[in-house]
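Chemist: Whenever a hint applies, use it, and build me the whole structure from the sequences.
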Amino acid sequence: MTGEEIRNCFPYFKSNKKSIYFDSAATTHKPQSVIDTIISFYQKYNSNIHRSMNKAATIATQKFENSRSLVKELLNAEHSSEIVFTNGATDSINLVAQSFLKKQIKKNDIILISETEHHSNLVPWQQLALETGAKIDFLPIRADLLVDTDKIKAKINDKVKLISTHHISSISGGKQNIEKIIKIARSLNIPILIDGAQAIAHTPIDVKELDCDFYCFSGHKLFGPTGTGILYSKSRHLDGFIPYKFGGGMVDNVGLHENSFSELPHRLEAGTPNISGVIGLGEAVNFVKSVGFSVIQEIETSLAEKFNHELSKVDDCVLVGSGPRSAPIFTFNIEGIHHYDLASLLSEYNICTRSGHLCSQPMIEMCGLSGAVRASLSIYNNEEEIENFMVILKKAISFLKR
Amino acid sequence: MLLNEEKLILNFSLFNNWEEKYEYLIELGEDICFIDPEKKTSKHLIQGCQSKVWLDFEFKNDKLYFYGDSDALISKGLVALIIELYSGNSPKDILTHQDNFFEKINLKEHLSMTRSNGLSMMIKKIKKYAYEQLNKNG
Ligand SMILES: Cc1ncc(COP(=O)(O)O)c(C=O)c1O
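First to last, the protein sequences are chains A and B. Counting in this note's numbering, the first sequence runs from 1 upward without gaps. Counting in this note's numbering, the second sequence runs from 403 upward without gaps.
In short, the hints are calculated from the structure, not lab data. Do not take every clue at face value.
Unchecked claim - Each computed DMTMM-like pair below joins lysine to aspartate or glutamate, with the alpha-carbon atoms no more than 20 Å apart:
| # | chain 1 | residue 1 | chain 2 | residue 2 |
| --- | --- | --- | --- | --- |
| 1 | A | Lys394 | B | Glu421 |
| 2 | A | Lys161 | A | Glu78 |
| 3 | A | Lys401 | B | Glu432 |
| 4 | A | Lys18 | B | Glu421 |
| 5 | A | Lys234 | A | Glu131 |
| 6 | A | Lys401 | A | Glu335 |
| 7 | B | Lys494 | B | Asp438 |
| 8 | A | Lys395 | B | Glu421 |
| 9 | B | Lys530 | B | Asp464 |
| 10 | B | Lys454 | A | Glu365 |
| 11 | A | Lys401 | B | Glu422 |
| 12 | A | Lys103 | A | Glu179 |
| 13 | A | Lys395 | B | Glu422 |
| 14 | A | Lys401 | B | Glu425 |
| 15 | B | Lys506 | B | Glu432 |
| 16 | A | Lys394 | A | Glu298 |
| 17 | A | Lys401 | B | Asp473 |
| 18 | A | Lys289 | A | Glu78 |
| 19 | A | Lys17 | A | Glu384 |
| 20 | A | Lys180 | A | Asp211 |
| 21 | A | Lys183 | A | Asp150 |
| 22 | A | Lys394 | B | Glu425 |
| 23 | A | Lys155 | A | Glu179 |
| 24 | A | Lys14 | A | Glu365 |
| 25 | A | Lys394 | B | Glu432 |
| 26 | A | Lys395 | B | Glu429 |
| 27 | B | Lys454 | A | Glu335 |
| 28 | A | Lys395 | A | Asp316 |
| 29 | A | Lys306 | A | Glu387 |
| 30 | A | Lys106 | A | Glu65 |
| 31 | A | Lys395 | A | Glu335 |
| 32 | B | Lys462 | B | Glu425 |
| 33 | A | Lys401 | B | Glu421 |
| 34 | A | Lys395 | B | Glu425 |
| 35 | B | Lys506 | A | Asp211 |
| 36 | A | Lys401 | B | Glu429 |
| 37 | B | Lys506 | B | Asp438 |
| 38 | A | Lys401 | B | Asp433 |
| 39 | A | Lys103 | A | Glu131 |
Modeler: Below is the structure:
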């Protein structure tokens with residue numbers, strides 16, 4: 001598919017001809033096929049899954065479980081049962097914290113993360129630490145805002161019970177050397193979780209080759225519906241997960257005083273799930289497959305090069321993290337201008353960006369900033385939008401610098 | 403109606419586009435009733451804004467007077483606007499004031515009342531000060 005053909009798959013752009021959407025790191029748009037799939041569920045076979053014995057329910061259950069297989073293939077997991085549906089990356093991280101780590105972590109044990117994590121990969125651990133008396137420690141960070149893999153070992157001792165870090169940064173677009181981080185964790189037998197929220201739409205993932213224990217992402221950042229997410233977990237860990245949500249759909253036998261949990265992964269998916277969402281997510285995976293990561297990366301690399309080149313011509317622009325990018329994400333400030341003012345003006349010009357601490361307050365503060373503006377692109381953006389964005393950016397700057 | 407409300411609504415009715423409104427806001431910010439720099443502490447910082455916004459008040463002759471500042475131009479203009487609107491009024495008038503002022507000046511569509519722009523947080527703080535004064539003075 002060409003860039004133009006890809007863009008035409010997204011009806012959002014037909015109804016928003018005047019706006020420039022550079023906020024795909026917050027959430028991506030949905031192709032028509034995903035929207036149609038969701039509508040068709042409600043119109044044609046709306047039913048509850050894994051419970052009702054009727055034709056619609058059988059179709060729905062099949063489609064729901066087919067999404068699991070599609071995600072399994074996308075991540076190249078060993079078994080479909082290693083794929084747990086959650087309602088997003090945040091939910092997935094909480095699941096690991098509450099169902100996996102909580103039962104084995106004690107006072108003064110250590111959870112090793114980095115200061116550059118999204119709040120979703122920080123707050124669940126802070127909370128667990130509060131509950132258990134465990135501590136959080138931080139991986140050393142280099143000047144390019146990525147984990148310094150040469151210095152990880154100094155941080156590791158037998159108190160470290162889990163390492164959790166992100167794959168691609170939601171701020172700099174930089175990619176961690178997770179291959180090496182995972183290798184180190186593996187060699188020391190420490191479970192490792194990778195937050196793939198910002199990676200999933202930009203790079204192929206092979207959890208078998210990566211050999212991580214856990215990998216998570218949100219469906220809505222992969223052209224899928226909000227309220228869907230994935231936790232991939234190696235089977236051997238999943239067996240020991242203690243559910244932290246209880247109810248229907250996760251039990252086989254229920255008496256008045258006891259019950260037996262159903263098989264994995266269903267025992268971790270209590271209650272009626274987001275059926276239409278999960279089926280829509282399956283369609284989003286199909287969409288990504290049909291485009292293919294080689295095309296995705298080709299388009300995004302060229303957009304990122306263009307954006308970087310044009311932005312470098314803007315006076316007084318300071319990027320947060322200027323190392324190589326694996327996703328077209330640019331976080332910046334214009335010296336002498338407050339990010340809030342700049343973002344307010346961009347919004348008046350119908351440009352969608354994000355600003356503030358970007359859900360990564362410790363990282364923004366580590367960079368000595370109070371906030372920044374983030375422009376994040378995706379496969380449906382084009383060079384013309386980048387050119388228009390730069391014109392408007394310069395207009396906004398001169399408005400504010402008078 | 404608050405003291406300056408009509409005047410402000412009239413001023414805003416003269417603008418044809420958002421650029422003019424923003425220019426006016428920024429100018430308002432330049433003439434803001436400054437908060438005493440020593441009071442720019444976390445106690446007077448308004449939580450939930452993307453920019454730093456400080457707000458303080460004084461109670462004089464049964465009326466409330468507000469002072470503020472911000473590190474961003476547009477939010478400084480907004481604080482100045484809110485100070486213009488509420489300063490010099492009695493706690494009771496402030497508390498009973500209906501918040502459709504921002505609709506009347508057509509700023510609401512521009513400045514969505516979200517947590518992040520903090521406009522509603524500023525108004526909440528002003529009402530909280532008014533409430534405290536009212537209760538203090540019976
Ligand atoms: C790196 C990273 N992790 C986690 C999340 C949380 O995703 P969600 O809000 O969909 O749960 C985000 C979302 O911005 C993110 O960028």
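Chemist: Please go over all the hints and tell whether each is borne out by the structure.
Modeler: Here's how the hints hold up against the structure:
1. Distance check on the hinted pair: lysine 394 of chain A and glutamate 421 of chain B sit about 15 Å apart at the alpha-carbon level, within 20 Å; holds.
2. About 24 Å separates the Cα atoms of lysine 161 of chain A and glutamate 78 of chain A, which puts this hinted pair outside 20 Å; it is violated.
3. At most 20 Å may separate the alpha-carbon atoms for a hinted pair to count; lysine 401 of chain A and glutamate 432 of chain B meet this at roughly 14 Å.
4. Between the alpha carbons of lysine 18 of chain A and glutamate 421 of chain B the distance comes to roughly 18 Å, so the proposed pair stays at or under 20 Å and holds.
5. At roughly 26 Å between alpha-carbon atoms, lysine 234 of chain A and glutamate 131 of chain A are farther apart than 20 Å, so this suggested pair is violated.
6. With a C-alpha separation of about 10 Å, the suggested pair lysine 401 of chain A and glutamate 335 of chain A falls inside the 20 Å cut-off, and the hint holds.
7. Only pairs whose Cα atoms come within 20 Å are accepted, and lysine 494 of chain B paired with aspartate 438 of chain B is rejected, the gap being roughly 26 Å.
8. In summary, the hint linking lysine 395 of chain A to glutamate 421 of chain B is supported, as the alpha carbons are separated by about 11 Å, within the 20 Å threshold.
9. With a C-alpha separation of about 16 Å, the suggested pair lysine 530 of chain B and aspartate 464 of chain B falls inside the 20 Å cut-off, and the hint holds.
10. Distance check on the hinted pair: lysine 454 of chain B and glutamate 365 of chain A sit about 14 Å apart at the alpha-carbon level, within 20 Å; holds.
11. The suggested pairing of lysine 401 of chain A with glutamate 422 of chain B holds, with an alpha-carbon distance near 15 Å, which does not exceed 20 Å.
12. Annotation: proposed proximity of lysine 103 of chain A to glutamate 179 of chain A is violated, straight-line Cα distance about 27 Å (limit 20 Å).
13. This hinted pair checks out: lysine 395 of chain A and glutamate 422 of chain B have alpha carbons roughly 14 Å apart, not beyond 20 Å.
14. The straight-line distance between the Cα atoms of lysine 401 of chain A and glutamate 425 of chain B is roughly 12 Å, inside the 20 Å bound, and the hint therefore holds.
15. Under the criterion of a C-alpha separation no larger than 20 Å, the hint pairing lysine 506 of chain B with glutamate 432 of chain B is inconsistent with the structure, at around 23 Å.
16. Between the alpha carbons of lysine 394 of chain A and glutamate 298 of chain A the distance comes to roughly 28 Å, so the proposed pair goes past 20 Å and is violated.
17. For the given pair, lysine 401 of chain A sits about 14 Å from aspartate 473 of chain B by alpha-carbon distance, which is consistent with the 20 Å threshold.
18. For the hint pairing lysine 289 of chain A with glutamate 78 of chain A, the CA-to-CA distance comes to about 19 Å; that is within 20 Å, so the pair holds.
19. Pair hint lysine 17 of chain A plus glutamate 384 of chain A holds up; C-alpha atoms about 13 Å apart against a cutoff of 20 Å.
20. Under the criterion of a C-alpha separation no larger than 20 Å, the hint pairing lysine 180 of chain A with aspartate 211 of chain A is consistent with the structure, at around 11 Å.
21. A C-alpha spacing of about 12 Å is found between lysine 183 of chain A and aspartate 150 of chain A, which places the hinted pair at or below 20 Å, so the restraint holds.
22. A C-alpha spacing of about 17 Å is found between lysine 394 of chain A and glutamate 425 of chain B, which places the hinted pair at or below 20 Å, so the restraint holds.
23. Between lysine 155 of chain A and glutamate 179 of chain A, the direct Cα distance comes to roughly 18 Å. Compliance with the 20 Å bound is thereby established for this hinted pair.
24. This hinted pair does not check out: lysine 14 of chain A and glutamate 365 of chain A have alpha carbons roughly 39 Å apart, beyond 20 Å.
25. Using a Cα cut-off of 20 Å, the hinted pair lysine 394 of chain A and glutamate 432 of chain B is violated, with the two alpha carbons roughly 23 Å apart.
26. A distance of roughly 19 Å separates the Cα atoms of lysine 395 of chain A and glutamate 429 of chain B; the hinted pair therefore holds under the 20 Å criterion.
27. Using a Cα cut-off of 20 Å, the hinted pair lysine 454 of chain B and glutamate 335 of chain A holds, with the two alpha carbons roughly 17 Å apart.
28. Under the criterion of a C-alpha separation no larger than 20 Å, the hint pairing lysine 395 of chain A with aspartate 316 of chain A is consistent with the structure, at around 14 Å.
29. A distance of roughly 9 Å separates the Cα atoms of lysine 306 of chain A and glutamate 387 of chain A; the hinted pair therefore holds under the 20 Å criterion.
30. Distance check on the hinted pair: lysine 106 of chain A and glutamate 65 of chain A sit about 37 Å apart at the alpha-carbon level, beyond 20 Å; violated.
31. Proposed proximity of lysine 395 of chain A and glutamate 335 of chain A is supported: the alpha carbons are some 15 Å apart, at most 20 Å.
32. This hinted pair does not check out: lysine 462 of chain B and glutamate 425 of chain B have alpha carbons roughly 32 Å apart, beyond 20 Å.
33. At most 20 Å may separate the alpha-carbon atoms for a hinted pair to count; lysine 401 of chain A and glutamate 421 of chain B meet this at roughly 14 Å.
34. Distance hint between lysine 395 of chain A and glutamate 425 of chain B is fulfilled; the C-alpha atoms sit about 14 Å from each other, no more than 20 Å.
35. Restraint check for lysine 506 of chain B and aspartate 211 of chain A: the C-alpha separation of about 59 Å exceeds 20 Å, so the hint is violated.
36. Taken as a hint, the lysine 401 of chain A and glutamate 429 of chain B pair is honoured in the structure, with Cα atoms around 13 Å apart against an allowance of 20 Å.
37. Proposed proximity of lysine 506 of chain B and aspartate 438 of chain B is contradicted: the alpha carbons are some 31 Å apart, above 20 Å.
38. Of the supplied pair hints, the one linking lysine 401 of chain A and aspartate 433 of chain B holds, its CA atoms being roughly 18 Å apart against a limit of 20 Å.
39. For the given pair, lysine 103 of chain A sits about 11 Å from glutamate 131 of chain A by alpha-carbon distance, which is consistent with the 20 Å threshold.
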